[in-house]
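Chains as they are written, first to last, in my numbering: chain A, 1 to 254; chain B, 1 to 131; chain C, 1 to 388.
Treat the hints as calculated values from the structure; they're not laboratory data.
Since the model is a prediction, treat every value here as computed from it, not as a measurement.
Just so it is clear, CB atoms sit at the ideal spot from N, CA and C, and this is done for glycine as well.
There's no promise every hint is true.
[Said to hold, decoys possible] Here are some of the chain C residues that sit facing chain A, going by a computed Cβ distance under 8 Å:
{"id": "1", "residue": "F4"}
{"id": "2", "residue": "V38"}
{"id": "3", "residue": "R47"}
{"id": "4", "residue": "T50"}
{"id": "5", "residue": "Q111"}
{"id": "6", "residue": "P343"}
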Amino acid sequence: MSVSRRAFLGTAGLSALGLTSKTALDAFALQPPHEPAPAPAGTRWAMVIDSKKCLEAGDCTKCLDACHRTHNVPAIANRAHEVKWIWKEPFEHAFPSLQTDYPPDALRDKPVMVLCNHCDNPPCVRVCPTQATWKRSDGIVMMDWHRCIGCRYCVAGCPYGSRSFNWSDPRPSIAQITPDFPTRSKGVVEKCTFCEERLAKGEPPACVAACQAKALVFGNLNDPESDVRSLLRSHFTIRRKPELGTRPAIYYIV
Amino acid sequence: MRDRHVIIAALVVFVGLLTFPIWYARAAGTTARGPEPKLPATEKTCVMPVEYMRASHMALLLTWRDDVVRRQDRAYVSPDGKAYTKSLTGTCLRCHANKAEFCDRCHTYAGVTPYCWDCHVAPASLKGSGT
Amino acid sequence: MFMFEKAVVGSRRYWAWVLGLLVIMGLAFLAYLRQLSVGLAITGLSRDVTWGLYIAQFTFLVGVAASAVMVVLPYYLHDFKAFGRITILGEFLAISAVTMCMLFIFVDMGQPMRVLNVMLYPTPNSMMFWDMVSLAGYLGLNAVIALVTLGAERKRMAPPTWVKPLIILSIPWAVSIHTVTAFLYNGLPGRSFWLTAILAPRFLASAFAAGPALLILLCLVLRRLTSFDAGREPVRKLAVIVTYAMLLNVFFILLELFTALYSQIPEHVEHFEYLYLGLHGQATLVPWMWTSSVLAVASLVVLLVPALRRRESWLAVTCAMVFASLWIDKGLGLIVGGFVPSPLGAVTSYVPSVPEVLIVLGIWALGFLMVTVFYKIALSVREEVAAS
């Protein structure tokens, strides 16, 4: 039997359409990108940072040393390519809308700790084209370094500058590799993940554990008796750029 | 035949290229002997049967990867009922501690370079950058 | 393969041009291999300015690709016969431009081998996903349309009727590719320079000025170097389109300036201050932005005088000025301006590195090579048909 080229191409095209339509329809069924995690029901992790206690400790860097050591965050000499998960930022940079010519003495020229805010409504998650970053049911904005294509759209989307890109292989810049946590490769974006691997073992985040001044308080917002909730009840707190609707989970007592 | 020399020269090059696998392998000293990965001294059972691991350890690792990273599902129970934590460095490399004598033997033979080692740390190879 | 035999026959000058482009592409490829090995650290990008020349080229070229609609729409929807001979040129330009866009995105990826993840894990809430879909679709559409219409012309037949709906579809699709590209930027709450509804109209206006300007230049070059003469009327009408589009574009920029400078909200003002005056001692882009503005005004002065616009020597220079002005504005100005100052108030300079510029030139060379080959094929077909 002879088939004309036109007929063959037509049949091939229809077959291809038939074979791929289910996959395409599944993709557009708008299912959630992942199943919810089996964490304790209704946990919503958050952190309260008491800037006063932090500043009393002076030139302390214990939290960021602990974080960067635990997670093999490289110390890159070139500031343009630096990678950081938690660091100090001048108050006016962290809270530009609260900038004033007459700051209180306690805050004048003093830094605050900044890190990923693990927003309730994160723009970075909204823009990621591969779901390499997503919001877990326990509130953590998580990273999958296997899936990240390094497009840096999330970096553009983050209103807080919390994300860092690996411009080159980070390993040469890691002084002491911690074997039980992977390093990252060049070409992916990274940020604080609220120590989810430690939380899975029931341990607090590394920065919280390392802070001697007890300035970093971590806990479950959905538990009315938690430390974070009691601090929020008893103190006035601010968050970074709340007017953008991101609903950050890092609260600051200033 | 004016172009005799060009033709003969081209023929020599052609035969050289054609027989490349033979003389290159000779020169590099490669043999047909298969890989001999060094098995762990103490543990005798792995998280899955040996035949499965030989054929599909990568499938297992990929499942573990997505389970841990994307679904926080870290608990694994092997077919023979033993409990493990899903972790390349923490579980697999706890027994197969020497990557060079185990993993690399077959990978080098098969000519594959899995990029897992770009990030995941093999304890014995902390000095190197992990290939 | 598709009439490619026509592209390998050419004069000495043709081959010199093709070889020159191939050399640039070769050097760029070597630079890219180095980028693959070392990482994006070899570019001038930084933690604060994470997108630069690569993404800027992609943004600019999506506009050029979309501008094919400016010849397709009048001819197919309004029967404007004058554009009949140049629609194929517009479509081939679109194909080349979209290919360049995709290549610029590819070279910007930190993990390019994983780029298919965007298709494997579709994410409808991400504008980058839709950008990939719309660019791929537009490339496919134009490839089919160009193939079929040119093939039909070669056989001295009318194109099959099923291609007409595809051509009509390419019109809103062209608008959509550039709107989606604008959406990449103007939905980000943290980037106040881009967070403006007028970004998509600005993109379209600058696209419809830059694209036809390039098309005019290509028509004039073809008239000089080959036997193909598009005719005076298509070139003149294209020049009118460039005029209106450029007027709109400059007007939109002025609107943006007013909103920022009258409201005096620091978050909005600072980006313009950095671009046009310099901020905190950093003024890398200032000469570029003023050059772009001067070129824009100068080109409008010529374009708005019909007697000057009709003189093709003046028109050629003016089109080059329009193209350059918009390349600077949409390329460097828009992308880098969005990142400076950073969300934490840092002012970081961005200067592209040599390998980065080489890679950019290589992809442009590839685009020019594609246009050259496609136009050679199209013109050879036309010559063949005319000769018989």
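Hint by hint, here is what the structure shows:
1. At its closest, the beta carbon of F4(C) sits 20 Å from a beta carbon of chain A; the interface hint therefore is violated under the 8 Å criterion.
2. Of the supplied interface hints, the one on V38(C) holds, with its beta-carbon coming within about 6 Å of a beta-carbon of chain A, less than 8 Å.
3. With 8 Å as the threshold, the beta carbon of R47(C) comes within range of chain A, its nearest partner Cβ sitting at about 6 Å, so the hint holds.
4. For T50(C), the interface hint holds, the least distance from its beta-carbon to any beta-carbon of chain A being 4 Å, beneath 8 Å.
5. Nearest Cβ of chain A to the Cβ of Q111(C): about 4 Å, under the 8 Å cut. The hint holds.
6. Checking P343(C) against chain A: minimum C-beta separation of about 4 Å stays under 8 Å; hint holds.
Violated hint: 1 only; the structure is consistent with all others.
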